[in-house]
Amino acid sequence: DIQMTQSPSSVSASVGDRVTITCRASQNINTWLAWYQQKPGKAPKFLIYAASTLQSGVPSRFSGSGSGTDFTLTISSLQPEDFATYYCQQTNNFPLTFGGGTKVEIK
Amino acid sequence: QVQLQQSGPGLVKPSQTLSLTCAISGDSVSSNSAAWNWIRQSPLRGLEWLGRTYYKSQWYNDYAVSVKSRLTISPDTSKNQFSLHLNSVTPEDTAVYYCARVDVNYHLAGDVFDIWGQGTMVTVSS
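Chains as they are written, first to last, in this note's numbering: chain A, 1 to 107; chain B, 1001 to 1126.
Just so you know, the hints here were simulated from the structure itself, not pulled from any lab data. Treat each hint with caution, since some may be false.
As the list claims (entries may be wrong) - Facing chain A, a subset of chain B residues (Cβ under 10 angstroms, in silico):
1) G1008
2) N1037
3) R1052
4) Y1063
5) A1064
6) V1065
7) S1088
8) P1091
9) V1096
10) V1102
11) H1107
12) L1108
13) D1111
Heads up, the beta-carbon is just placed ideally off N, CA and C, and yes, glycines get one too.
Here chain A stands alone, though its shape is the one from the complex (with noise of 0.2 angstroms):
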């Protein structure tokens, strides 16, 4: 299985911050990544394909980037609605793994 690390766990920062956020594949998955956002209580919210592709609708301080083993996900500017819980997931092979998530919280 390929395991997806993330780091760091848990990050606090302000509103208007820059949040970046890592993510590490065990091995090379290129650029089959996803990107999700969770708050409490709720279902994880598709943000980001492809490693940097947002999927329609999701704010454009959000981007991706990387390939291979590294990736980032960077919220440029945070607002108070990002406040919650990132994961990255590989998405092209099986079993499907996901990361320990990163809590983005208030500072």
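Following the hints, put chain B in place on chain A, whose structure we already have.
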């Protein structure tokens, strides 16, 4: 728009079978461009993909090795829904269970979960 509505019990006794249903609106369980998945989430295991069913001229299933011997995912075309049946459950199966769609029309995306059900908290306890 596409919506998934989950139903099923929130409490299951050890050794019994956990059964959940996911009703689809706005799409078809028999679609050639979708796969229908079950995922669970627990503090111990995080987000864990369990399996899927999909139709491409015939029905196919794939299961995670960790649950393969205990899990059945089945479509119901008459009701446009799909179900999860996990037998011989233990407290380790306690989790929030989600159904989710993969739409193959996302270019170079692989298997991304674009639509999710609302989640069902299932506790395995006597």
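Structure-based check of each hint:
1. Annotation: interface hint on G1008/B violated; nearest CB of chain A at approximately 15 angstroms, more than 10 angstroms.
2. Evaluation of the N1037/B hint against chain A yields a held restraint, the C-beta minimum of about 8 angstroms falling below 10 angstroms.
3. Annotation: interface hint on R1052/B holds; nearest CB of chain A at approximately 9 angstroms, less than 10 angstroms.
4. Contact between Y1063/B and chain A, as hinted, is supported at the beta carbon level, the nearest pair being about 9 angstroms apart and thus within 10 angstroms.
5. Here the hint on A1064/B is kept, as its CB sits about 5 angstroms from the closest CB of chain A, short of 10 angstroms.
6. With 10 angstroms as the threshold, the beta carbon of V1065/B comes within range of chain A, its nearest partner Cβ sitting at about 7 angstroms, so the hint holds.
7. At about 20 angstroms, the closest approach between the beta carbon of S1088/B and any beta carbon in chain A exceeds 10 angstroms, and the interface hint on this residue is violated.
8. Hint on P1091/B is violated. Least Cβ distance to chain A is approximately 21 angstroms, over the 10 angstroms limit.
9. At about 9 angstroms, the closest approach between the beta carbon of V1096/B and any beta carbon in chain A falls short of 10 angstroms, and the interface hint on this residue holds.
10. The restraint placing V1102/B at the interface with chain A holds, with a minimum CB-CB distance near 9 angstroms, inside the 10 angstroms limit.
11. The interface hint given for H1107/B is met, as the beta carbon of that residue sits about 7 angstroms from the closest beta carbon of chain A, less than 10 angstroms.
12. For L1108/B, the shortest C-beta to C-beta distance to chain A is roughly 5 angstroms, which falls under 10 angstroms, so the interface hint holds.
13. The interface hint given for D1111/B is met, as the beta carbon of that residue sits about 5 angstroms from the closest beta carbon of chain A, less than 10 angstroms.
Going through the hint list in order, the structure does not satisfy hints 1, 7, 8.
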